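Number of protein chains: 2
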Amino acid sequence: MVNIAVLGYGTVGSGIVEVIKTNQKIVDAKANDQLHVKYVLDLRDFPGDPVEEILTHDFEDIINDPEVDIVAEAMGGLNPAFTFAKRTLEAGKNYCTSNKALVAAHGAELMQIAKDNHVNFMFEAAVGGGIPIIRPLYQCLTADDIVEITGIINGTTNYMLTKMNTEGVSYDAVLKQAQELGYAEADPTADVEGFDATRKIAILSSLTYGQQVDFEDIPTTGISKITDKDFAYANKLGLGIKLFASVRKQGDKIYSYVAPTMVSDKHPLFPVNGVLNGVLVRGNMLGDTMFFGSGAGKLPTASAVVSDIVEEAKNLKNTVLPTWTPEKRRLADAEDLAFVYFVRASKNAMFDAKNLFVPKEIYDDVVEGEFAFFTEKMSGKELAEKLAKMDGVLSVIRRED
Amino acid sequence: MVNIAVLGYGTVGSGIVEVIKTNQKIVDAKANDQLHVKYVLDLRDFPGDPVEEILTHDFEDIINDPEVDIVAEAMGGLNPAFTFAKRTLEAGKNYCTSNKALVAAHGAELMQIAKDNHVNFMFEAAVGGGIPIIRPLYQCLTADDIVEITGIINGTTNYMLTKMNTEGVSYDAVLKQAQELGYAEADPTADVEGFDATRKIAILSSLTYGQQVDFEDIPTTGISKITDKDFAYANKLGLGIKLFASVRKQGDKIYSYVAPTMVSDKHPLFPVNGVLNGVLVRGNMLGDTMFFGSGAGKLPTASAVVSDIVEEAKNLKNTVLPTWTPEKRRLADAEDLAFVYFVRASKNAMFDAKNLFVPKEIYDDVVEGEFAFFTEKMSGKELAEKLAKMDGVLSVIRRED
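Protein chains in written order, with numbering that gives the first Met the number 0: chain A, 0 to 400; chain B, 0 to 400.
Hints are computed from structural coordinates only; laboratory data are not their basis. From a predicted model like this one, the values you see are computed outputs, not experimental measurements. Treat the hints loosely; a few may be bogus.
[As the list claims (entries may be wrong)] In silico PhoX-like pairs for lysine-lysine, Cα to Cα no more than 25 angstroms straight-line:
1. A:Lys297 - B:Lys265
2. A:Lys37 - A:Lys316
3. B:Lys297 - A:Lys248
4. B:Lys297 - A:Lys265
5. B:Lys388 - B:Lys353
6. A:Lys235 - B:Lys265
7. A:Lys313 - A:Lys114
8. B:Lys228 - B:Lys385
Pulled out of the complex, with its shape left as it was, chain A reads as follows (with noise of 0.2 angstroms):
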């Protein structure tokens, strides 16, 4: 028998009891022994609920216990879930986590404790909710030079801009919406400024490439100044926008972005929409590969952090996710990248546009006193410096295909 204490018993909490419970001959058979749910830890009561009786308040409860081989943590935040992560793994009991933050901010220094002491810091549910990523990234890509990967990885921010595209709301409305339907917090700062994203993609960056990126070190533009104006363009000319969580390699350069961005029909993310997460892979040999599912849900992520559960139960004393190294990976600047760009702007900038920009076509006719244009591809810096002579600028999204 593998005993497993959970803690937190909110939504994803209670996915984990649940999904063992429901899916407990299947779990049993692939981890090739018996998974007990031995404590729940929750600072509330939960009167009635058959939780109860395994129910403790005390995290001393579960690290004195020597039965516990696995603390599956849901509790989000980085204290005291950090504390919690390395009393755990230090005590030789393995630990997995949905907590992207913990994961962000302290994941070299885990994962080295793990390894250290012959257990496993897993975390599968940390980015993309149930989409099999993080092991697919170490087990199953090995083959490849990663020289891309970009994601639609914050289901919020999704939504909006789904919303926004297909039913031609405004910002303001649709968030509310989002609010209002449990997709967006109440203090939506978080995704809608894409510092959930950012978190997301430093976790895939450093696992990638084997270095701790710092997420504070990626650029990194939210969805709130994305207006329907903007997408009344878009929606004429056919095109997505869409929050991409983006890291590429160049010879020995890496580069990470968060940026909202305009695809076509062409790009393979075209198709992610609503609630929905993708991420791409491009690999040198592989090509471009994608995974698909839900980024978010009670079910989906806990079903993410069984599959951790289930691995570790598997490998109680044997280390098997690589660590990256707590050594900082300096990242290239990523206004070096060259995008085509989707500029809009008041028509007194018209001279101006034609000026500095080679537009293939003006749009001038969708919304009123405005017109748009893509420019040619060109450098972030390159842009900044032709925008900076350029009065009226109303908007500015980069463009991929």
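On the provided structure of chain A, position chain B as indicated by the hints.
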């Protein structure tokens, strides 16, 4: 150092050598050891090719060399591949292959021999080419009861159907094109009649449900009866026609079939066009996860074989792939599954159609002299009974959304 022998120096075999050579540092790091191609077996000579130095015409050189740890086969066909696989595993060496015919016919037996000898028999490249799907099924999606796998897993037919859809060309014309481009073989039967897809879904079914699913038991309809007239309706209605290979679990019953299917843009596999492959995996907790990528091609397929080599190199004396038992899994009758069907018929069948079915709409202005409609949802048996009472039926295609 891990010594590898590559069997067959055709497209995939030479790709394996190329992937290892190009990405030597990366694959060595992933394998925690140095990968070294010591032999290439081929009946042909390759004067001037660097492979000459390691070329052998005699399998005995490989099987008798105690330094060889891994044999990677890319010859295709059952003979002599089956003999080579068996002898390799019995000699305590690992085997990996892109040969779906071999896996579908002898997978259970070869996995058992591998297990008995504490080595591995792997076949990531046998289904979906470069798309990681075998390894995700046994290593990643371990928390779920897999209730459906549906794949577009034959690139030739998907290329042909996409061309027919977008360019309105006839079946014969597109087949000729595909042959000229090397996407279809001179004898295209295995692809166009669905037998290739059937072998692949049999492999995925066996792996998922742990028992041998014989491909001969899977009812298979290819695309050779799909005409440009079917696409005239599909285009008008915004639908695609895809060759689906599917396995579904309902209660304790497992159903499998291969058949052309009309899909709307709501279906997760709708965006899988051209030579792309796509696999949808539906779990009872996870919901839908999709894997898209290159289903064929020299380097993507070779990349998948090399990912097997890397995993075998890490587990030279440790069987990691779960076996499926040779005990045959009886499939339930796929004709019991209920679908909506698209039916095309000549105009004189209108009266019968309205009597036998409850069509919501009749499409009688798309192709002269005929009409089409969608049936209500019904089993294949019920459909067959009704169609037997109706003259002038031109085409029947199942539909899914």
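Status of the hints after comparison with the structure:
no.: 1; hint: A:Lys297 - B:Lys265; in the structure: 23 angstroms, holds
no.: 2; hint: A:Lys37 - A:Lys316; in the structure: 19 angstroms, holds
no.: 3; hint: B:Lys297 - A:Lys248; in the structure: 23 angstroms, holds
no.: 4; hint: B:Lys297 - A:Lys265; in the structure: 23 angstroms, holds
no.: 5; hint: B:Lys388 - B:Lys353; in the structure: 12 angstroms, holds
no.: 6; hint: A:Lys235 - B:Lys265; in the structure: 21 angstroms, holds
no.: 7; hint: A:Lys313 - A:Lys114; in the structure: 16 angstroms, holds
no.: 8; hint: B:Lys228 - B:Lys385; in the structure: 23 angstroms, holds
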